[in-house]
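Chains as they are written, first to last, in full-length UniProt numbering: chain A, 1 to 342; chain B, 1 to 263.
Simulated from the structure, these hints should not be mistaken for lab results. The beta carbon of each residue, even a glycine, is placed where N, CA and C say it ideally should be. Please note: incorrect hints may appear among the correct ones.
Unchecked claim - Pulled a few chain B residues facing chain A out of the computed Cβ check, cut under 7 Å:
| hint | residue |
| --- | --- |
| 1 | Arg17 |
| 2 | Leu83 |
| 3 | Lys236 |
As the list claims (entries may be wrong) - Cβ-Cβ distance ranges computed for the label pairs, FRET-style:
| hint | chain 1 | residue 1 | chain 2 | residue 2 | range |
| --- | --- | --- | --- | --- | --- |
| 4 | B | Asp27 | A | Thr216 | 30 to 36 Å |
| 5 | A | Leu239 | B | Arg16 | 50 to 56 Å |
| 6 | A | Glu7 | B | Lys31 | 21 to 27 Å |
| 7 | B | Lys77 | A | Ala60 | 54 to 60 Å |
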Amino acid sequence: MSDFEVEPSLKDIVTHESLKWIFVGGKGGVGKTTTSSSIAIQLALHNPEKNYLLISTDPAHNLSDAFDQKFGKDARVVDGISNLSCMEIDPSSSLEEFIANNGSGMDQNDPLNGMMSEVTGSIPGIDEAFSFMEVLKHIKNQKNEDSSVIKYDTIVFDTAPTGHTLRFLQLPSTLEKLLGKFNEISGRLGPLLNMMGGDQKTEMFNKLAEIKTQVTEVNKQFQDPDLTTFVCVCISEFLSLYETERLIQDLTKYHMDVNSIVVNQLLFADDDQCKRCESRWKMQRKYLDQMDELYEDYHLVKMPLLGNEIRGVHNLKLFSKFLIEPYDPKAHKDVVFSLEER
Amino acid sequence: MSELTAAEKRRLLRERRQAKLAATSTDRLGKITGTVGSHLPTASPLSAEDPAVSDISEAMTPAIDGSSGDSEPSMDKLLENMLGQGHNHNVPSVLPEDFMKTMSSILPSMNDESSKPTSGAGKKPSEHELQLDEYNRYQLRKFKLGFTVLRFVSVLTLVYFRLVGYTLFYPSFERLDHGYGKIDLWNWFTILEVFFSVVYVLAYRYLPQTRDNSIFSIIEGFVPQHYRGRFEMIVKYRDVVVFWINDLSVLILALGCLAWLNN
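Here chain A stands alone, though its shape is the one from the complex (with noise of 0.2 Å):
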């Protein structure tokens, strides 16, 4: 049991000065997309002087439907929100784009390139490692119109549903194996290295020196609370509820902090008249108190489903209001039926 009381909303997320990583994600439908437009927009209303940039790693990219505005791979103001920017990033091309922008640092034509690509795409992880590099450097390089560099003070990521993205966690330990395995093939063609210089081999084990140092660096970013959590979005469902909980007890175990879970959909249906809606929300209620049981450390958001798609600034700024001040069925029951129609 507490000593004092857990929130149940995203005010601690949103008030905390020093986090620059927030990541959101959980399986596919359960609003995703909705619940990090509308944590990126709280933070923008909250601290205004403070600049934030929402980027969509999701292939399949639904930031622009969101909100109603067209975004792409260069960062763009949303309209009503100047000091809030989206980004719509596809990591499988951004890998590609690393490859062949010569990523590993060798000559194109060199066979000893062709190697460490092959190699390179074997280990797990190390995919999700590079598109997440080159996302980087695609945020650092983001630029105003007058060329001046653009800082964010906070980036929230709207991950793919998969959560491979994070899979690069893991890579540190891989990344070992890589090494390894490059030792051996440079072994088995030692003679030719050698007619052809050790400037080669030198060359490549620095790049992987230089990759692994990276990778050191953005887990021991990610792994500090105090720099970058991880929100739960999920839905009163068993399976959703399964899932969530795997999620979480594997971001435990690669010391990613998780402390927020957003539960959407919610039919809050105590009072209503239609049939079919008590019976869901009577199951919802099942789940939801496993929750309240399973996360009573945790910032347990509920969130209502709304009688309208949650699209456009309008919409997003009026649902997310709710992640900061917890929805009450009564009090804000009007909410339900007030969205703008697109």
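With chain A fixed as given, assemble chain B onto it according to the hints.
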């Protein structure tokens, strides 16, 4: 009780969460499934085994007083740290000291069934191995020298007994007419060469093995493992071909000298 700061609350909650997860992770999933023999797996989809993940206490700075320090790390600095490390090409690229040690410790053994040190072995040879190799080279050169001398002497002896003083057949630079009779010099030469080749091939396995620095060692790197044995056989027979050519050269030289003396 004094009011807890936001940071302290976060830390306390974090510790509670970690403690509960560490103690009851399987039970939690079981609680969700509601059945003991649930068909749903509890294995993690992210990894099959626990990775070697560094302890967070090494990376964290304690923030008990609620502040993250006098200066909050800026996003620029964080991005710089993530991306900028190792990109400074002005700094001489020196691998960390434990880097090679780490790699060697996880490097799988390069020794296979063959005990012969083949060219292209993965690790740098030790001082002892270099000296042994040098000694083996010396022994091999000594053997080849002796073998070559023996062959040359045999060829010259053959020339002497089959040609010198032979009245019906003598070497000349002039074109000879037919009818001077046949000579079995070449037959004997061929028999001699075949004999020496067989002796060398049989003796090859007992010869001291050395690292081959010639072009063949480079070519060997491209040869698939499956064909290595045949490649080594070709390399072995290369010596035989060289012997033949050398002996033939000596024979031709001897014939030339005789022709010159006869003129």
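Hints, verified against the model:
1. Arg17: OK, holds: B/Arg17 within 7 Å of chain A, min 5 Å.
2. Leu83: 6 Å, holds
3. Lys236: 19 Å, violated
4. B/Asp27 <-> A/Thr216: 30 to 36 Å: 34 Å, holds
5. A/Leu239 <-> B/Arg16: 50 to 56 Å: 27 Å, violated
6. A/Glu7 <-> B/Lys31: 21 to 27 Å: 24 Å, holds
7. B/Lys77 <-> A/Ala60: 54 to 60 Å: At roughly 33 Å between Cβ atoms, A/Ala60 and B/Lys77 fall outside 54 to 60 Å, so the hint is violated.
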